[in-house]
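Work out the full structure: start from the sequences and follow the hints.
Sequential numbering of the sequence shown, starting at 31, is according to the working numbering.
Incorrect hints may appear among the rest.
Claimed, not checked - Distance windows between CB atoms, simulated:
1) D162 to D96: 22 to 28 Å
2) A183 to E382: 52 to 58 Å
3) G398 to E302: 42 to 48 Å
4) E214 to V161: 39 to 45 Å
5) G398 to S611: 42 to 48 Å
No lab work stands behind these hints: they were computed from the structure.
Where is the CB? At the ideal position from N, CA and C, for every residue including glycine.
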Amino acid sequence: MAASSPHHFSPRPNRAHEIPWLEWGPEVFERARAEDKPVLLGISAVWCHWCHVMDETTYSDQRVIDIVSSRFVPVRVDNDTRPDVNARYNMGGWPTTVFLDTEGEILAGLTYIPPDRMVEMLNRVNEAWYVDRDTIRERLEQVKAQRATREQAEPGTLGPQIVRAIANEFDHAYDEEFGGFGNEPKFPQTDAIRLSIRQHLRTNERQPLERARFTLQQMAGGGMYDHVEGGFFRYSTTRDWSVPHFEKMSEDHGGLLLALAELALVSEEEQELALGIVEPTIAYLDRTLAHRDGGFFGSQDADEAYFALDAEGRAGRQAPYVDPRVYASWTAGLARGYLACGVAFERRDWVERGRRAVDFLWSQMRAGEAGMYRYWDGAPHLLGMLGDQGATLLALLDAYEVTGEPPYLDHAQQLARITEAQWREPGRGFWDTASGHDATGLLSIRTKPLAENADVAEAFMRLGRLTHDERYLRTAEDTLADFAESYRGYGTLAGRYGLAVDRFLSPEAEVQVVAGAPGSEAAQRAEALRQRALRLPVPTRTVQLLEPARDASMMYQLALPLDREGVAYVCVGTVCSAPVSHPEDLLGAVEDALAAPAF
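Given below as structure tokens:
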């Protein structure tokens, strides 16, 4: 990378920096209009192997450098820092190469383009721009007209058929021979794994559990896992998990840790299996992707030559590049994974590491009434996307339940208020960008991403059950209903939506643990009950530590006595059990409460 460039290029020798790349913004298109040139948009990622190859070949070819520099306005975007741009312009992978008009409309686009073909495309687009402008304008007007008349799907009705339909998608996609879902390239699909574990816990059927376990075993035992340094690679290029794409992403590890923690709660056998995968994975994350102040770095580069070596071969060699930026949603996901693993395996150090990540987000990456920033590199940058808000909300709620400390709930309520005000379409779901966000090019068209809406809906649902404020639950219901028709088009990518709908529709045990005075026997009983509640082998649960002096109104609402400390009550809605004093009795109380008839 050139010293003065804000862009990241291949770490190997290349000339890509000789192209006068601009950063994304309205000035790109102002210049394009002033110079009457089309825009060349390159979307890359620091971890992306083929992005590096394109830098080393195509963008290092003198013909390409000359044509791009003289006949186009080149702009380069990093996928991780600008997921909003990527969501609208990605052509199906990285790198993405897109030719745009002076308003940001797409003229043509591909992914990786080798040098000779790039020269051909540059000349063809350039010729059409000057020779056939009327045809281009006519086609783009048709595209705009179609977009303007495209109707947003109406909300539908939530029901168990949604969860069944999504589960069926995974049933059809499941690979009986090698585990996982679909053919090559094969991704972890942790939402599908989590949904399978939850199916087992709801129905006691063995097949979903066996599929989840087998998939995790196959990934961890094959080429998808780095058996020298630990950690999962991003995906497998082969059906049998043998040949990975070598980048390691903090984004992926959060979901994998969460799935492994949920598997571990099923039984001692599953816990032993999961621990063998979790320990070296967390060791890798601590050693390579952990920032000393609490966040997590974004990724480690896909260096095929390095990762193909054994331990002896890697010794003394330069490790692949680590992106030193901290991304809000990815650090939040890892915080959740650490907290969940800390609970599942009774590792207080992992719980503390997860809490530090949450604290880092709140102290370093919060933009006041504008919500969470997108990324941090010593200072925060770019007001965040919906995914950053939703992931942080869930991490705050996990920290609240796991630590029992009220400030995390207060922070979650504050962020929920901001997210609803800045991102939500009234009465419907949430846009991917906030009101007032950059509207350059196609960013003027706001979209509603399914997975991110599912996260926000789950957060509001949990807030509703923790606070017993029906407004949160209505927002969760409206958000999920907004996709009750359109989810069908997502296929196996609807897993997170299935998890959120399943949780919303299912009765959920709320374990209310009444604290005792610090250092007292009642306080010790309360902590034992709380820890057991967090480790219950149930599909979902809410755990809350109540202090009679502070939470009198909540206890009054639930008709809980204020003079009984060091006990737990299992509530479903506003109906609560008799007090439970012993941790070993808690699971039975939950099962009884869930089996009781609803009124």
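Taking the hints in turn, this is what the structure says about them:
At about 23 Å, the beta-carbon gap between D162 and D96 stays in the expected band of 22 to 28 Å. Taking 52 to 58 Å as the suggested C-beta distance range, the pair A183 and E382 does not conform, at roughly 44 Å. Between G398 and E302, the C-beta spacing of about 46 Å keeps the proposed range 42 to 48 Å intact. Distance hint check for E214 and V161: the Cβ-Cβ separation is about 42 Å, which falls inside the suggested range of 39 to 45 Å.
Checking the proposed 42 to 48 Å range against G398 and S611 shows it holds: the Cβ atoms sit about 44 Å from each other.
In summary, the one numbered hint that this structure violates is 2.
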